Amino acid sequence: MNSPAVFADVSPYFFFIFAGMAILFSTMVVFKKNPASSAFSLVLVFFAFAGIYAAMDAHLVAALQILVYAGAIMVLFVFVIMLLSSDVPSLDMKRSGLMTRIAAVSAVALLLVGLIYVFKNNPSLLPKGPHSPEKIAQVGGNTRAISQLMFSDYLLPFELTSVLLLVGIVGSVALAKRKMGGTK
Amino acid sequence: METQAAQTLIRSDLLTLTQNQMEMLLPYAWVFVGAAVALVLSVIRFISPKWPVFIVSLLTLGGGVWATEKVIHGERLLAFNNMMIFDHYSSVFNILFLVSAAVTVLASFRYLDKEGLQYPEYYVLILFSALGMMLMASSIDLVVMFIALELMSLAVYSLVGFRRADRKSNEAAMKYFVLGSAASAILLYGVALLYGSTGSTNILDILATIEKTPALVTPVFSVGAWLVMIGFLFKVASVPFHMWMPDVYEGSPAPITGFMTTGLKAAAFATFIRVTMSLGYGKSISAVFQHHMHDALWVCAVLTMVIGNLVALAQVNLKRMLAYSSIAHTGYLLIGLIVGPGNENGYSPMIVYLIAYAAMNLGAFVVMSMLAGREDHGLNLHDLAGLSSRRPWLAFAMVVFLFSLAGIPPTAGFAGKYMLLYSAVQAGEIPLVVIAVLCSAISVYYYLRVIVYMYMKEPAGSPANARASLWSALATTGMVAITMIVGLQPSQVLNIAKKAVNSLVVAAK
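Chains as they are written, first to last, in numbering that gives the first Met the number 0: chain A, 0 to 183; chain B, 0 to 508.
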């Protein structure tokens, strides 16, 4: 907030460190056989994301990322895995066929090459969004800016998210509460 | 810092709603309050919540239609920081969603008794899903659009898996949930790239930005646009992204399948039209992008029609057959999307077709949910043998719907398909029209085969002659009426659709 210039020259290195961590641990989430270690790799991915956000001066988002995702949501995940683990021995699914695997790998490679090409060749005239660091500093920091925007400009998505959560709860309770095959 | 906080990002005009905005918001508020009331009623224990929730759901949906009807001729209005738009287009779609939800509720009442699934949450989820659809069709901000899409999908994921004791239903729900989430993630990534390359999530602003500076149609913008398109093509089950659909349609309870093929598809297409317009389709902002988009949609449409119809030929399960036929109809609708900018009626033939398809397909699924045995058994072709002698009225209704699906006059399906193909001829897409006509000729075979079984085969066994539910009969009658009215008076429906599309064109500047 005070002097982003100090960070400006080191943040590329921070970005590469955290982005590398994020990629490394995301692949571990996919390839680990044991659901618990997948979940813990995911926690590390969230921490890496928080590092990227912090390097971009979005400190509030970084803190929320750790509190909400790495804290609350992942603990819930781990609890679910612990509760389920007795009847689900592992997530080791049926091996897919060779053709499927080749297709998947080539699709991912194609996407990667395409995205690299696109981002390298993009002319740098991208417009700036309305909320520049200076403007945020004027208002009094990230927290203030986000909370003011959340209840004015972005009121509708904010309120709709609560409806979305309500539906999620109703749906999961409706599916989970009754016994299989029984009437209630 | 506390004292100099005079500078604020809060714009005071966003904190209140005008009288007009309140009136326009009434249908949404009504459905939300109705859903909340139904939710509260569904936990009462001193009487069975079955009837109260059922009645509240119907009142909510009926009241929603009434409230929409009142504001349908109002002026175009924006609200909530230009995130929501109330125009004729969204009102027409709102009525479509509400009616299809109401028909689903009517068809489900007896069906759930039969399945031993009479849980009140079912109706609550339908109401919330309808609310999500309404918000989707009236959102012009990609953030709101995404949340509304998730609201609709989340409710439907739960409904698909509602028959928990059935393995097929579980598998369908799981498949739909995983693949649907993946599609949502792709869509969201596209939205992020669009925001990054134009600086806005509002689709009107995006269009204005790229119209002002066409150089902003950068590779990143194109990739964002493509990813958003892929997300929508998944939701409407166009061919390269259709793999989930037959299993999901077969596994979910029959009324929900009907709801998915009509409400969900209409909502996805309603937003799809808005988004393709705002990405500059048909405005030749960037020639290359325009051609690529056109060609990709063209290939998708052709593949969707051909594969949908050919695979449907081989199906003996009625639900699965209608799932593939639903894929085929997505192909016809994609023609409407492709030729939208190039003909005098714009996207309105597509809206007519969506209305016609909603009526005939919902009707067919209501009939199927009446015929289905426990866990949706007894929906194979040979189970329908001799239906005309056992349940003549039901067989007759089914004939109307099947004729309409096949596009035989004087039904809604014919009128819709005629307008759609006429607009394609106007836009000069002759090969597309030829393929579509050939495909509908193929489709006549498998639709008529059902009729042949119902009217010309001797009944194989003698299944218990269940009494028809009053509510389902009501829904079926309504759908037959709409199918025939749209078929006989297509110009009136076209006028409504034209008015809707005109409000859209004005909106997109």
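Everything labelled a hint here was simulated from the structure, so no lab data went into it.
Keep in mind the model is a prediction, meaning the values are calculated, not measured.
Glycine is no exception: its CB is placed at the ideal position from the N, C-alpha and C atoms.
There could be a bad hint or two in this list.
Said to hold, decoys possible - Sample of chain B residues at the chain A side, in silico, Cβ under 10 angstroms:
#1 Ser157
#2 Leu203
#3 Asn379
#4 His381
#5 Tyr452
#6 Tyr454
#7 Glu457
As the list claims (entries may be wrong) - Here are the computed distance ranges between Cβ atoms for each label pair:
#8 Ala108(A) x Gly198(B): 26 to 36 angstroms
#9 Leu75(A) x Leu309(B): 39 to 49 angstroms
#10 Ala71(A) x Arg166(B): 53 to 63 angstroms
#11 Leu75(A) x Asn494(B): 24 to 34 angstroms
#12 His376(B) x Leu165(A): 41 to 51 angstroms
#13 Leu178(B) x Ile101(A): 32 to 42 angstroms
#14 Pro458(B) x Leu111(A): 34 to 44 angstroms
#15 Glu158(A) x Ser180(B): 16 to 26 angstroms
So the hint says 32 to 42 angstroms: do the beta-carbon atoms of Leu178(B) and Ile101(A) match that?
violated (21 angstroms)
Hint check for Leu111(A) and Pro458(B) - Cβ pair distance inside 34 to 44 angstroms:
At 59 angstroms between Cβs, range violated.
Let's test the interface hint: is any C-beta of chain A closer than 10 angstroms to that of Leu203(B)?
violated (15 angstroms)
Chain A contact restraint for Tyr454(B) - C-beta distance below 10 angstroms:
Status violated, d = 37 angstroms.
His381(B) was flagged as interface toward chain A. Is the shortest Cβ-Cβ separation under 10 angstroms?
This hint is violated: His381(B) lies away from chain A, its Cβ roughly 28 angstroms from the closest one there, beyond 10 angstroms.
Given Tyr452(B) was flagged as interface, is its beta-carbon under 10 angstroms from a beta-carbon of chain A?
violated (32 angstroms)
Can we keep the Asn379(B) interface hint, with Cβ of chain A closer than 10 angstroms?
Because about 24 angstroms separates Asn379(B) from the closest Cβ in chain A, which is outside the 10 angstroms limit, the hint is violated.
Range agreement (Cβ of Arg166(B) with Cβ of Ala71(A), hint 53 to 63 angstroms):
With a Cβ separation near 33 angstroms, Ala71(A) and Arg166(B) fall outside 53 to 63 angstroms, so the hint is violated.
Given a cut of 10 angstroms on the nearest C-beta pair, is the interface hint for Ser157(B) held or broken against chain A?
Because about 3 angstroms separates Ser157(B) from the closest Cβ in chain A, which is inside the 10 angstroms limit, the hint holds.
Is the gap between the beta carbons of Leu75(A) and Leu309(B) within 39 to 49 angstroms?
Given a distance of about 45 angstroms, which is inside 39 to 49 angstroms, the answer is holds.
Has the hinted range 41 to 51 angstroms been met by the Cβ atoms of His376(B) and Leu165(A)?
violated (35 angstroms)
Taking the beta carbons of Leu75(A) and Asn494(B), is their distance inside 24 to 34 angstroms?
Violated: the Cβ-Cβ distance is about 53 angstroms, outside 24 to 34 angstroms.
When each numbered hint is compared with the structure, violations occur for hints 2, 3, 4, 5, 6, 7, 10, 11, 12, 13 and 14.
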